[in-house]
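Participant: Please build the complete structure, drawing on both the sequences and the hints.
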Amino acid sequence: MEYILNLLLPFELFNNLFPGVIFIYFLKQYNYFPFNANTEVYESLFIAYFAGLLINRMASLFLEPILKALHFFDLFKISNYPEFLQGRKSDDRIKIPIQINNMYRAYLLIFLLLLFLIMLKITSIKDFYFYKKEITSLLFLIYIFDHSYIKQTCFIKKRLKQFENKNVPNDKQDKEIKTS
1 MEYILNLLLP
11 FELFNNLFPG
21 VIFIYFLKQY
31 NYFPFNANTE
41 VYESLFIAYF
51 AGLLINRMAS
61 LFLEPILKAL
71 HFFDLFKISN
81 YPEFLQGRKS
91 DDRIKIPIQI
101 NNMYRAYLLI
111 FLLLLFLIML
121 KITSIKDFYF
131 YKKEITSLLF
141 LIYIFDHSYI
151 KQTCFIKKRL
161 KQFENKNVPN
171 DKQDKEIKTS
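One point on numbering: in UniProt numbering, the residue at position 160 of the sequence shown is 160, and numbering is uninterrupted.
Since the hints were derived computationally from the structure, they do not count as laboratory data. Every value quoted in this text rests on a predicted model; they were computed, and no experiment measured them. Just so it is clear, CB atoms sit at the ideal spot from N, CA and C, and this is done for glycine as well.
DSSO-like, lysine-lysine: derived pairs with alpha carbons at most 30 Å apart: (1) Lys121 with Lys28; (2) Lys161 with Lys95; (3) Lys68 with Lys158; (4) Lys151 with Lys133; (5) Lys68 with Lys161; (6) Lys68 with Lys151; (7) Lys161 with Lys151; (8) Lys68 with Lys157; (9) Lys151 with Lys132; (10) Lys133 with Lys121; (11) Lys158 with Lys89; (12) Lys68 with Lys95; (13) Lys89 with Lys157; (14) Lys68 with Lys89; (15) Lys151 with Lys89; (16) Lys132 with Lys28; (17) Lys158 with Lys95; (18) Lys132 with Lys121; (19) Lys161 with Lys89; (20) Lys28 with Lys126.
Using C-beta positions, here's what the derived DEER-type ranges look like: (21) Phe62 with Ser137: 22 to 32 Å; (22) Lys151 with Asp127: 29 to 39 Å; (23) Pro82 with Leu139: 36 to 46 Å; (24) Glu40 with Leu9: 22 to 32 Å; (25) Thr136 with Arg88: 36 to 46 Å.
Facilitator: Listed below in structure tokens is the structure:
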């Protein structure tokens, strides 16, 4: 088991396993988890990893285009792909903000899916009041991760723009960009 966990890269851990674990945790809380509770640890980790992988792909293929349309495309237009690749080559540290951005997008999709599942349970006003706390919490989390995703995308955009202008940022400029 330890050998398998050591094979997972930090990227895989943060972007696939953790979202899967969080999603399955909430599915269990809302009685939507269709798997046997007595599964082995490695089976649970595999299911969580696969769920996280699906969430990431769905977020990339479906959620990101919707967010681009809703938040005006220029906000999410980081740069054209060749410039993006060049900026990524020039700045090794840009990989971490991109990873964080993908993580925010995955969590946003998780909470949207959970909200959708709760809405499916609501058949009357009485049900709505029963789930009011969960709905409010999920709406808050959706708001937080949506805005975090936007802010991180803007940070990446500014950072890549500096590399397009051949102005390699130093640590002081990094802090200024993050705080603005």
